[in-house]
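Protein chains in written order, with this note's numbering: chain A, 1 to 592; chain B, 1001 to 1257.
Do not take every clue at face value.
[Said to hold, decoys possible] Below 25 Å or equal to it, Euclidean Cα-Cα: the simulated BS3-like pairs (lysine-lysine) are: (1) A:Lys453 / B:Lys1192; (2) A:Lys352 / A:Lys322; (3) B:Lys1192 / A:Lys411; (4) A:Lys282 / A:Lys76; (5) B:Lys1143 / A:Lys382; (6) A:Lys411 / B:Lys1016; (7) B:Lys1222 / A:Lys411; (8) A:Lys453 / A:Lys441; (9) A:Lys167 / A:Lys76; (10) B:Lys1254 / A:Lys409; (11) B:Lys1185 / A:Lys443; (12) A:Lys165 / B:Lys1185; (13) B:Lys1185 / A:Lys409; (14) A:Lys362 / A:Lys409; (15) A:Lys409 / B:Lys1192; (16) A:Lys76 / B:Lys1222; (17) A:Lys411 / A:Lys441; (18) B:Lys1016 / A:Lys144; (19) B:Lys1192 / A:Lys441; (20) A:Lys453 / A:Lys488; (21) A:Lys443 / B:Lys1187; (22) B:Lys1016 / A:Lys409; (23) A:Lys191 / B:Lys1187.
Source of the hints: derived by calculation from the structure; they are not laboratory data. Remember, it's a predicted structure, so these values are computed and weren't measured experimentally.
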Amino acid sequence: MTQKASLIDVKHYTYTYEDEERAVLQDISFSIHEGEFILMVGPSGCGKSTLCQALNGIVPHVLGGEAVGEIIVDGKNVLESEVKDMSESIGMVFQDADAQLCNIYVEDEVAFAPENLRVEPDEIQRRIKDCLNKVGMSGYESRKVFELSGGQKQKVGIASVLSMKPKILILDNATANLDPQATKDIFTLLKELHEQHGYTIMVVENKIDDLIHLADRIMVMEQGSFIANGDPRTIIREYGKQLMEMGIWIPEVSELAFQLEKMGYSFKHFPITVEDAYHELKYPNQPFLKPRRKLQLSEKASDEPDILTVNNLNYLYPNGTKALNNISFSIKKGDFVAILGTNGSGKTTLIKHLMGIIKPPKGKIFLRGEDIAKRSLHDMTKDISYVFQNPEHQFVTDQVLEESIYSQKMKLNLSINDEVPNDIIESGLQSLKQFNLYEAKDKNPFMLSGGEKRRLSVVSSIASEQEIIILDEPTTGLDFASATRLLKLCKELNEQGKTIIMINHDIRLICRWVRSALIMQQGHLIFNGDIHDVFQNDEICEKASLIEPPISKLAKKLNPGLLTESVISINQFMHGYMMGGEESGHDISVLS
Amino acid sequence: MAMTFQYYPKESFMHKVDPVSKLIWLVCLSLSVFIFNTAIPEFILFLITFTMAVGLARLKIAFLLKGLWVILVFSLGFFILQVFMVPGQTLWMEWGSIRIYQESVNFAVAITLRMLTIFISSLIFVVTTDPRDIVLALSQKLKVPYRFAYAISIALRFIPTLEEEARVIETAQMIRGVRKQKGWKNKLENMKRFTLPLLMSSIRRVQVTSITMEAKGYGAYKDRTYIRHIRILKEGTILYVASICTLSILTILKIVG
C-alpha cells in the first residue's frame, strides 16, 4: 500500500476525566492514514471509547476534563475546534442503538445532522437517498425507528452519520447487542463502505473472528495506552496469548494454533483466518483428521427422565403475527440446552412460556409431567430460576450480599426490618464465594462491572432447590474472560444436576460448553438435538442464519465429506488430532 | 392503554389541518365550554365535537368509546357527586331524606359534558397530528427555539422504549420474589426498587443520546434548515377562522344575554 497522507495524527495525548486523578488516556501517539481499516481491541474499561470520543472532540469539549497534547483530524486541531466542525470529518456509531437515534422517523434521523448544520433541504434529500442506499435501507424512509430490529437501527445509525459526509467512520462496539447474522451484515456493510466508497474506518470490537480479515491494522489498548499496533497477523502471533489473558477474544483458529504450537507444531504463516489455517494444516495425501465414529456425547443425559415437555405450543402476538408455531419438544433432566436463532425468531417468547411469564394454555407445557397452565408466576419460581438479559432489571436491593439472599428472605416473608436468620446469610456468603463475588459483598449492585453484575444476577436468581435455570443472553457484551467464567459456572451448576436452558448468540461458547440445541426460525422449531449435529446440516444453519464456528469450518475443509459429526470446539479438534482417527474416547474433557 | 392515544395516519379533514390551526381550534373550543354552566349549550358543543370526531377526523365510534370509557366512569362518579352536593331551589325528586334539585342536575350534566368535550377534542388532536409536525409547527410557525421544540420529539421517541423497559423490570422483580407488601415503608421501598434500575438505564441512555446529538451538530447554530415545512392549507384556515368566529359569537351572546 502506498503511504497516503495521515488523516488522524495524535501526539502525546493525555486525558483525565473531571474529578478523577488517574488519566484514562496516557501519553498516546499514533496516526491513521486515509483509507485505512483499523481494528481496536482492549479489555473493558481500558479507554477505547474515551479515545474514540477524543477524536471528535466530545472529550473534552462536551464531557469536560483535562486534555493535554495534540490531535489533528482531517487537518483540524480537535482541541481548538468545536464539536460541530469535527462532525463533518468523523461519524461515530455507538453500542446502544436505541439511545443514539433521537428522531421518530428514519428519514428525519438521517436528515437530523445536516439540518442542524444548515445544509440546503434539496441537498439533504439527495443525501437521505444516497445514505440509506449505501446502508441498504432504501424504502425505510417513513418507518418508525423504534419498530426496527437492532441491526436495522444500527444501519440507520450509520446512515445518520454518513449524511454529514465524514471521511472517517468510527464504530464503538456497535454490534455488541446484535445477533450473529446482523453483526455479519454490519461487517459486510463496513467492507463495502471501505472498499467501494473509500471511507477510513475504525472499529472497536470484542469478537473479531469475522472482522480480522478486513483490518489493515490492529491496535491493542490496555490501561490507557497502546501496547501493540501493527499488522494483524504479527500482532496476534506476538500478543495473542497476552490478549487472551487480558480477556480479549482472539480468532478461534489462532487459539488453536497456539495449542498446536505447544505440541510442537510450527507455522510458516501464523493463521488468523480459516483460510490461513487450512493452508497451513492441509497435507496433500493425508487428511489431518481421519473419519471417526460418532462421539455420542449426549448419552449421559439420555436415560434421565424428561423434566420439561412442550406440546403443540402456539402463540400470537397482540398484533396478530405468529410468534410460536406448533412447537413441541422435551428437555431431559440435567441437560444443558442452548436455544439458537436470529433475534425475532421467537426464542424469548418461548422461554417466557416455559417460565410462565406468558401464561401457556392448558395442556401445552408440562413440568415433571404436570401442567403448568394453572400455576402462578410466583409459584413457578420454586422450580425454575430465570435470569434476565439485563442484570440491572432484576436488582432489588442496594447491597450485593442482600441481593444474593433476597429471594430466600422473601420466601420467609421477612419484612425490611426483621432479623435475618444466620444460616441464610451463611448460604449467601457461600454462593458469593463460589461465584467469585465475595470481595464485593458490601458494594452496591449497580456499581459492579458488567461481568460481576451478570454473575450476581445468576447467584441471586438461584435458590438452592430450583432444578431448572433459564438464562436469556447471559454473555451479551461480556469480554472473553467474563463470558468464559460465566459459562464455566453454568457448567458447574449443570454438573450438580441442574438443567440449564440458555439463549445465547456466542457460537464459540455454545459449542464449547453446551450439550443440546433447539433452533428457532420465524416461530418454528427447526432443530432439536445434539449440538454436534447442528453444523452437519447446512440447510438448518442457513435457515436459522447460524454462523458456523471457525473451527468447524476448518475441520470440514481439512476432511471434506469424511466427518460423521462436526468438530465444533478446539478441544475436540485437538482430541481428534492426538487420536489421529483411532477409536476415540467418549468424553471430551475441557482444557482450561 | 397508552397505545390508544397516539397518532394514527389516515386521510381526513382533521389530518390535513396543520398543528397550529388545530391548536387554535382546541383552545377556542376549550374556552367555549367554560362560557356556559347549563346543560343545553354544553350538549350542543358536545354534539358538535362528537360529530367532528366521527365526520371530520373519521374516528370510529367503537374507538371513541374505547378511549372514553375510563373518563365515562370517572364522569359518572363526578356526576352523582355534583347532583347531591350542588345546592338548588327547584325540587325535582325526593326519596326519603334525599332531595334532588333541578338546578343541581342541570349543572352536573353541564360539567360532565364539558369534561367529555374537552377529552374528545384532545383525543382528536392527538390522533390526527403527527408528533413531528407539532415540533415543526412550534419552531417554524410559533418561533419556539428548535432546541426546546425538539425536547418534545425526543420525549415521544423514548416513551415506547421506557414503557417496554418498565414492563420487563416489573416481571423481573416479580420473579425475584418482590411482592406487594403492606405498610408505607414497604411501599416506599417497592417504589425505590422499581425506579432505580429504570433511572440507571435512562441516565446511561441520556448520556449516549446527548453525545450523539452533540456530535450531529445539534444546537451548534441558532437556527437550522428543515426538510419538511408546515404549510397552512385551506382546511386549516377554515377551521381556525370558524373556531375564532364561534368563540366570539358565543362570548357576545353571553355578555348580551
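Results of checking the hints against the structure:
no., hint, in the structure
1, A:Lys453 / B:Lys1192, "19 Å, holds"
2, A:Lys352 / A:Lys322, "15 Å, holds"
3, B:Lys1192 / A:Lys411, "21 Å, holds"
4, A:Lys282 / A:Lys76, "51 Å, violated"
5, B:Lys1143 / A:Lys382, "59 Å, violated"
6, A:Lys411 / B:Lys1016, "58 Å, violated"
7, B:Lys1222 / A:Lys411, "59 Å, violated"
8, A:Lys453 / A:Lys441, "12 Å, holds"
9, A:Lys167 / A:Lys76, "13 Å, holds"
10, B:Lys1254 / A:Lys409, "67 Å, violated"
11, B:Lys1185 / A:Lys443, "23 Å, holds"
12, A:Lys165 / B:Lys1185, "56 Å, violated"
13, B:Lys1185 / A:Lys409, "17 Å, holds"
14, A:Lys362 / A:Lys409, "32 Å, violated"
15, A:Lys409 / B:Lys1192, "18 Å, holds"
16, A:Lys76 / B:Lys1222, "23 Å, holds"
17, A:Lys411 / A:Lys441, "21 Å, holds"
18, B:Lys1016 / A:Lys144, "20 Å, holds"
19, B:Lys1192 / A:Lys441, "21 Å, holds"
20, A:Lys453 / A:Lys488, "16 Å, holds"
21, A:Lys443 / B:Lys1187, "24 Å, holds"
22, B:Lys1016 / A:Lys409, "59 Å, violated"
23, A:Lys191 / B:Lys1187, "54 Å, violated"
When each numbered hint is compared with the structure, violations occur for hints 4, 5, 6, 7, 10, 12, 14, 22 and 23.
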